[in-house]
Amino acid sequence: DVKVTQSSRYLVKRTGEKVFLECVQDMDHENMFWYRQDPGLGLRLIYFSYDVKMKEKGDIPEGYSVSREKKERFSLILESASTNQTSMYLCASSPTGTDNSPLHFGNGTRLTVT
Amino acid sequence: LAKTTQPISMDSYEGQEVNITCSHNNIATNDYITWYQQFPSQGPRFIIQGYKTKVTNEVASLFIPADRKSSTLSLPRVSLSDTAVYYCLVGSDRGSTLGRLYFGRGTQLTVWP
Numbered sequence: 057d058v059k060v061t062q063s064s065r066y067l068v069k070r071t072g073e074k075v076f077l078e079c080v081q082d083m084d085h086e087n088m089f090w091y092r093q094d095p096g097l098g099l100r101l102i103y104f105s106y107d108v109k110m111k112e113k114g115d116i117p118e119g120y121s122v123s124r125e126k127k128e129r130f131s132l133i134l135e136s137a138s139t140n141q142t143s144m145y146l147c148a149s150s151p152t153g154t155d156n157s158p159l160h161f162g163n164g165t166r167l168t169v170t
Numbered sequence: 072l073a074k075t076t077q078p079i080s081m082d083s084y085e086g087q088e089v090n091i092t093c094s095h096n097n098i099a100t101n102d103y104i105t106w107y108q109q110f111p112s113q114g115p116r117f118i119i120q121g122y123k124t125k126v127t128n129e130v131a132s133l134f135i136p137a138d139r140k141s142s143t144l145s146l147p148r149v150s151l152s153d154t155a156v157y158y159c160l161v162g163s164d165r166g167s168t169l170g171r172l173y174f175g176r177g178t179q180l181t182v183w184p
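Residue numbers (our numbering), protein chains in the order written: chain A, 57 to 170; chain B, 72 to 184.
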């Protein structure tokens, strides 16, 4: 069974801090994704990566950056946290080579920026 | 990307069969239909996926009519632990649409004892 592990379930940070959210998957998936989930807005794609050191902007990349130095690890970075980045952050992975492979999600990190 | 319409909420009792219908009038030829389940404070979990007719697994069944403009997720004999939000997604999750399948608001299913 695919396991996607996010390093923290809950995180509280101050405005202006640099924040790192870590995600690790154990199934050798090529694709990895970061979403945020807000009430009434559903899931929105922030960034994704289809290979090591490759990254693509999603629909709401502003204020975020990502890093993928190893295949199994995908990090989301908030360069200078702001209160409007308070949200649930979800990491997901999927393999390539198979049409429409389902996404495998982690349990999320609930980030509060004060 | 094909958008979907599904009920915002549904209620059921333990032991009943639950059918959640999703409308997707502008589904494209290459699009698949995928359902996810999400519990509070957890990430969505894949339930079932289909392209046409009927698909069944150990968790649910998915019914897709010939015109593919709608689909129905069927949960047999629900229990309290099936209380969750269910999302219907339509699209082709590859290429330019990779990772961009629309989750929407989903259907909040509440199962009562």
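None of these hints come from the bench; they were simulated from the model. You may find that some hints are simply not true.
[What the hints assert, rightly or not] To give an idea of the interface, some chain A residues facing chain B are shown, with a C-beta separation under 8 Å as derived from the structure:
{"id": "1", "residue": "Gly98"}
{"id": "2", "residue": "Leu99"}
{"id": "3", "residue": "Leu101"}
{"id": "4", "residue": "Val108"}
{"id": "5", "residue": "Pro117"}
{"id": "6", "residue": "Ser121"}
{"id": "7", "residue": "Asn156"}
[Said to hold, decoys possible] Over 10 Å on every C-beta distance to chain A, these chain B residues come out as not near it, computed from the model:
{"id": "8", "residue": "Tyr103"}
{"id": "9", "residue": "Val130"}
{"id": "10", "residue": "Ala137"}
For glycine and all other residues, C-beta sits at the position ideal for the given N, C-alpha and C.
Structure-based check of all given hints:
A least Cβ separation of about 5 Å between A/Gly98 and chain B falls short of the 8 Å threshold, and the interface hint therefore holds. The beta carbon of A/Leu99 comes within 4 Å of a beta carbon in chain B, closer than 8 Å, and the hint placing it at the interface holds. Nearest Cβ of chain B to the Cβ of A/Leu101: about 5 Å, under the 8 Å cut. The hint holds. For the restraint placing A/Val108 at the interface with chain B, the shortest Cβ-Cβ distance is roughly 16 Å, beyond the 8 Å limit, so the hint is violated.
Nearest Cβ of chain B to the Cβ of A/Pro117: about 12 Å, over the 8 Å cut. The hint is violated. The beta carbon of A/Ser121 comes no nearer than 17 Å to any beta carbon in chain B, farther than 8 Å, and the hint placing it at the interface is violated. Of the supplied interface hints, the one on A/Asn156 holds, with its beta-carbon coming within about 4 Å of a beta-carbon of chain B, less than 8 Å. Not every CB of chain A lies more than 10 Å from the CB of B/Tyr103, the least distance being 4 Å, so the non-interface label is violated.
Every beta carbon of chain A lies more than 10 Å from that of B/Val130, the smallest distance being close to 13 Å; the non-interface claim holds. Distance to chain A confirms B/Ala137 as a non-interface residue, since its nearest Cβ pair spans about 20 Å, more than 10 Å.
When held up to the earlier numbered hints, the structure conflicts with 4, 5, 6 and 8 and fits the remainder.
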